[in-house]
Amino acid sequence: MRETFGDARTAVLVGPGKRDLRLDLLRGVGQWMVFLDHIPENFLNWFTLRNYGFSDAAEIFVFISGYSIGFSYGPAIKADQFLAGAKRLWTRASQLYVAHIFLFLFFTAQIARTAARFDTPMYKDEFNIAQFLDRTDIMIGKALLLEYKPVNLDVLPLYIVLVIAAPAILWGLLHRPNWTLLFSALLYLAARHFDWNLPSFPGGKWYFNPFAWQFLFVFGVWCGFGGGPTIRPAALSRPVTIVAAAWLVFAFLIVMTWHVPTLERFVPQALIRAIYPIDKTNLDLLRLTHFLALMVVLLRVLPPDLPGLTSKWLRPLILCGQRSLSVFCFGVLLSFAAYWILKQVAGGIVAQMLVSISGIVLLVGVAWIATLYRSLPILFGTETRVIRIGKDVPTVQGK
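For the sequence shown, counting from 1, position 24 maps to 663 in the working numbering; every step adds exactly one.
You can take every hint at face value.
Distance windows between CB atoms, simulated: (1) Leu744 / Arg904: 47 to 57 Å; (2) Met895 / Phe840: 36 to 46 Å; (3) Arg815 / Thr920: 28 to 38 Å; (4) Trp835 / Ser950: 40 to 50 Å; (5) Trp835 / Ala990: 40 to 50 Å; (6) Leu937 / His832: 29 to 39 Å; (7) Gly1004 / Ala738: 16 to 26 Å; (8) Gln734 / Thr920: 25 to 35 Å; (9) Val790 / Ser876: 38 to 48 Å; (10) Gly1004 / Gln734: 21 to 31 Å; (11) Ile777 / Pro907: 46 to 56 Å.
With a straight-line cut-off of 20 Å between C-alpha atoms, the simulated EDC-like cross-links for lysine to aspartate or glutamate are: (12) Lys844 / Asp923; (13) Lys781 / Asp793; (14) Lys844 / Glu786; (15) Lys919 / Asp834; (16) Lys982 / Glu680; (17) Lys919 / Glu786; (18) Lys844 / Asp834; (19) Lys844 / Asp764; (20) Lys982 / Asp758; (21) Lys951 / Asp659; (22) Lys844 / Asp918; (23) Lys982 / Asp676; (24) Lys982 / Asp764; (25) Lys919 / Asp793; (26) Lys781 / Asp764; (27) Lys844 / Glu765; (28) Lys919 / Asp676; (29) Lys844 / Asp793; (30) Lys982 / Glu765.
Hint data in this document are derived by calculation from the structure and do not stem from the laboratory. These figures come from a predicted structure and were not determined experimentally. By construction, the Cβ of each residue, glycine as well, lies at the ideal position given by its N, Cα and C atoms.
Please build the complete structure, drawing on both the sequences and the hints.
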């Protein structure tokens, strides 16, 4: 996987080897699941992870984001390019912030216009924008400070905070990798115990507690930075795989009681008291361990050299994973449009399938356009300088 530091003329290419398409595939799967989960009362929700286990697409997104940063920026950090890496990460965080603000404005305008045009004020309350429209003078400041967020716009602020903290995480992993991971774990436990969180307006807290979710992100960075190969043999061992598979089965059986309440009588009361509530805000241990168990199983069934990763059938998913920011932002807007169609036009299973499949096709189209746009050449002169770690290789492009 490659990441670039610097401007268009001078780039530092880091990350030897080929891009790991498994990461793009899983991120693409996560993007499709997020889109489907954002459409309430949708039959295709049954095909997303949250209906069959404790974790969902959020864990996939946070872990892979961390892993990608560790894998991409690790070589530069190890080659004494810390300032260049920090600058690039903070630039990325600023881009994410701008994307979030624009998404916030478009999303709010989309809902407000729909509510006014079709005389359906319930949408303003349902998606938490009514107070923004009532007190825009106050709420715009809260939105800029990431204290106020409409429904479905919680994950980007979490990612912004984590990317801002990424240089410090990488510095710690460079000098004391295991101590850095241990500190992250202790912060996770302390945040859960003392209920540490960032404030959310009015009178609430962040839906994704960054003090808790940072552990999954840091673990991902740790794996991508070099810790992954050290634990891979243990993760692929037969005993660990059996335990992981058993945990996934247990989670599946518990979640089935949510869908079929009559099955709950087979669950001992002591077990019910022990596992509930399963808290998403503070990344409950059941969610965390379920995701880790899922990753162990996926390591078994998705080897790096799997031929299917380069097949045309998986290309749409991989494209969506590679252009995840564009796909996510468009998917948020598209999910509300799909929900409106199901509420105001037709809400049967056929309609649910049509709007869901059409939406996924549009997401793939956005990913394809974004990929095509990134492939267009950018020329600022006749000479392009490419700096690799420890090596300056000038190349000349003809006019």
